[in-house]
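There are 2 protein chains.
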Amino acid sequence: MQVCDKCHKDPSSYFRAYSGEHLCKKCFCRSIEEKAAKTISRYSMLKYGEKLAIGVSGGKDSLSLLHVMKKFFDDHGKPENLVAVTIDEGIKGYRDESLDIVREFCSKLGVQSKVLSYKELFGVNMDEAMVLRPSEKMSSCSMCGTFRRRAIDLAAESIGADVVATAHNMDDHVQTFMINLLAGDVERIGWMYPEPIEYISGMKKIKPFVEIYEREIAFYAMQKEIPFQSEECPYMNESIRTDLRQFFNSLEDAHPGIKYNAYRSMTKVSDRMRRPMQRAGKCQVCGRDATGDICSVCKTRSALLGKGIY
Amino acid sequence: MQVCDKCHKDPSSYFRAYSGEHLCKKCFCRSIEEKAAKTISRYSMLKYGEKLAIGVSGGKDSLSLLHVMKKFFDDHGKPENLVAVTIDEGIKGYRDESLDIVREFCSKLGVQSKVLSYKELFGVNMDEAMVLRPSEKMSSCSMCGTFRRRAIDLAAESIGADVVATAHNMDDHVQTFMINLLAGDVERIGWMYPEPIEYISGMKKIKPFVEIYEREIAFYAMQKEIPFQSEECPYMNESIRTDLRQFFNSLEDAHPGIKYNAYRSMTKVSDRMRRPMQRAGKCQVCGRDATGDICSVCKTRSALLGKGIY
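Protein chains in written order, with our numbering: chain A, 1 to 310; chain B, 311 to 620.
Be aware that a few hints might be false.
[As the list claims (entries may be wrong)] With a straight-line cut-off of 25 Å between C-alpha atoms, the simulated DMTMM-like cross-links for lysine to aspartate or glutamate are:
id, chain 1, residue 1, chain 2, residue 2
1, A, 268, B, 505
2, A, 268, B, 438
3, A, 9, A, 21
4, A, 268, B, 398
[To be verified] Here are some of the chain A residues that sit facing chain B, going by a computed Cβ distance under 8 Å:
id, residue
5, 40
6, 43
7, 124
8, 179
9, 202
10, 241
11, 243
12, 251
13, 266
If you're looking for bench data, these hints aren't it; they were derived computationally from the structure. For each residue, glycine too, the CB sits at the ideal point set by N, CA and C.
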């Protein structure tokens with residue numbers, strides 16, 4: 001029997017290829033919680049007393065983040081300062097299941113939950129947007145991403161949060177870096193450094209899982225018996241992100257640890273590319289942050305709901 | 311019949327997917343020569359009157375570069391300032407063929423050719439090195455790369471060159487950027503900017519093909535009926551470079567122009583990462599540039615020829 005390399009007592013249930021460690025269930029889970037705490041401290045993500053909104057979709061990553069952060073706040077903060085915010089995109093048959101999962105999980109953990117919908121915020125839900133969009137070039141994921149980021153901000157503001165956390169993991173981060181690189185979008189690389197930027201709105205955005213492998217979060221969720229939605233979004237489009245995920249996974253299989261190497265390089269690169277956020281003008285329609293005259297949310301709404309309608 | 315989009319006369323023989331252009335043989339070849347000239351001028355690679363050594367292996371890229379640069383020097387310089395330098399690694403059955411090709415091609419073009427061998431420079435050739443290496447972890451390509459870079463420098467110095475050109479193309483550049491990123495070697499990314507760094511030795515190193523797709527150089531070589539060695543080196547090891555080549559080629563097929571986007575982003579990144587070359591010490595053995603006490607060439611020789619023997 002292979003014994004855990006940490007506690008030297010319990011049987012190993014996970015082999016961490018990049019470090020060569022065998023870990024038991026308990027030591028593995030503790031290592032994930034410690035990594036998240038280390039990331040939070042290394043990049044000054046949270047201060048004592050700050051109120052944190054976690055974007056919780058109902059997938060394995062966000063429910064695991066909620067679980068880890070609940071423990072973190074129980075140990076180091078005020079548990080009442082933690083709120084789950086969930087966005088209902090309005091996708092029939094898909095989102096309903098996850099809303100139930102989130103509701104039950106939050107009540108089990110004793111965490112406050114807030115749900116906001118695209119429909120109430122923007123006047124249009126995703127099922128409608130897919131019909132209204134002027135062209136298929138307006139991809140489902142780009143519309144939804146634009147709305148979701150704003151919706152999470154609005155939900156966080158509505159509960160008076162100081163900080164918003166999302167469950168992006170290391171794999172997501174590495175893929176996003178590559179997408180920005182392939183798209184020629186070098187400015188965005190400078191915004192990818194894990195230390196949060198203070199936005200004009202004053203909201204800090206943090207990613208406590210940014211240094212954790214996707215597959216380790218999946219294993220954590222399994223060990224903690226976290227119930228998660230596994231069904232995929234019906235509007236998900238195959239994209240370069242899928243190609244990149246497969247490419248990095250096959251590289252990692254052949255060279256354990258290479259994804260983490262890549263992550264570290266990318267972090268160094270984005271550190272050197274960091275520039276103070278442009279204090280860009282406000283959106284002329286909604287008054288929120290915008291790099292041009294009109295923010296991307298108002299542009300998308302106008303394209304869907306008719307010219308001049310914001 | 312599809313007519314050339316440039317001259318509107320001759321039939322198209324090449325479709326440039328990333329720009330949507332159809333080009334005839336003549337206009338295609340001219341576009342390659344103009345791109346190389348533009349790259350040379352954009353990054354101040356050459357000054358009038360400078361003597362240029364071109365590293366010529368006998369493959370399609372380096373013979374095409376020799377062809378393009380001969381034309382460039384005929385038009386803009388002194389043709390006698392151009393010399394081909396070729397390195398004989400000492401690989402039986404493989405290198406002999408290419409030495410003949412290089413010799414014939416240089417004499418046809420009327421370009422001076424200089425050949426130097428690993429054996430005479432370092433006391434060991436590749437066939438011997440493969441037997442002498444202490445472990446298979448010392449890969450053939452890394453030994454050979456270390457020796458080749460130094461050998462080209464020495465050959466260039468021996469003919470009094472001011473500048474050394476190699477035929478690295480855009481695909482090579484993009485792959486190398488990724489290899490440095492995956493290896494966590496962020497310093498090297500700062501050295502990748504196409505504008506040449508002045509080394510301590512005073513030699514400038516340039517890559518006039520760095521903005522040209524590999525497949526376009528292959529097509530150029532075909533059009534110009536440049537005879538090249540197509541046999542692969544018997545010691546070539548499958549590496550991450552091969553995986554990256556395949557990955558970027560399949561991306562490019564699906565999204566024409568994405569490789570060039572990636573190239574431009576990488577150039578912006580390396581520009582921002584640029585730092586003056588460390589004025590590091592000299593190698594304690596051979597007196598040439600070294601980042602540590604002993605340069606990589608002397609370290610490799612010592613590993614092959616015995617401890618303390620440099």
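Going down the list of hints, with the structure as the test:
1. Distance restraint check for residue 268 of chain A and residue 505 of chain B: the Cα-Cα separation of roughly 22 Å lies within the 25 Å cut-off, and the hinted pair is therefore satisfied.
2. Simply put, residue 268 of chain A and residue 438 of chain B have alpha-carbon atoms about 40 Å apart, too far for the 25 Å limit, and the pair is violated.
3. Simply put, residue 9 of chain A and residue 21 of chain A have alpha-carbon atoms about 14 Å apart, close enough for the 25 Å limit, and the pair holds.
4. For a cut-off of 25 Å, the pair hint linking residue 268 of chain A to residue 398 of chain B is broken: about 39 Å separates their Cα positions.
5. For the restraint placing residue 40 of chain A at the interface with chain B, the shortest Cβ-Cβ distance is roughly 23 Å, beyond the 8 Å limit, so the hint is violated.
6. Taking 8 Å as the C-beta contact cut-off toward chain B, the hint placing residue 43 of chain A at the interface is violated, the least distance being around 18 Å.
7. The closest approach between the C-beta of residue 124 of chain A and any C-beta of chain B is roughly 29 Å, which is over the 8 Å cut-off, so the hint fails.
8. Annotation: residue 179 of chain A was flagged as interfacial toward chain B, and the flag is violated, the nearest CB pair being 11 Å apart, outside 8 Å.
9. Interface restraint check: residue 202 of chain A against chain B, minimum CB-CB distance 28 Å, threshold 8 Å, status violated.
10. Interface hint status for residue 241 of chain A: violated, as the beta-carbon distance to the closest one in chain B is roughly 12 Å, over 8 Å.
11. Interface hint status for residue 243 of chain A: upheld, as the beta-carbon distance to the closest one in chain B is roughly 7 Å, under 8 Å.
12. Taking 8 Å as the C-beta cut-off, the interface hint given for residue 251 of chain A holds, the closest approach to chain B being about 7 Å.
13. At its closest, the beta carbon of residue 266 of chain A sits 7 Å from a beta carbon of chain B; the interface hint therefore holds under the 8 Å criterion.
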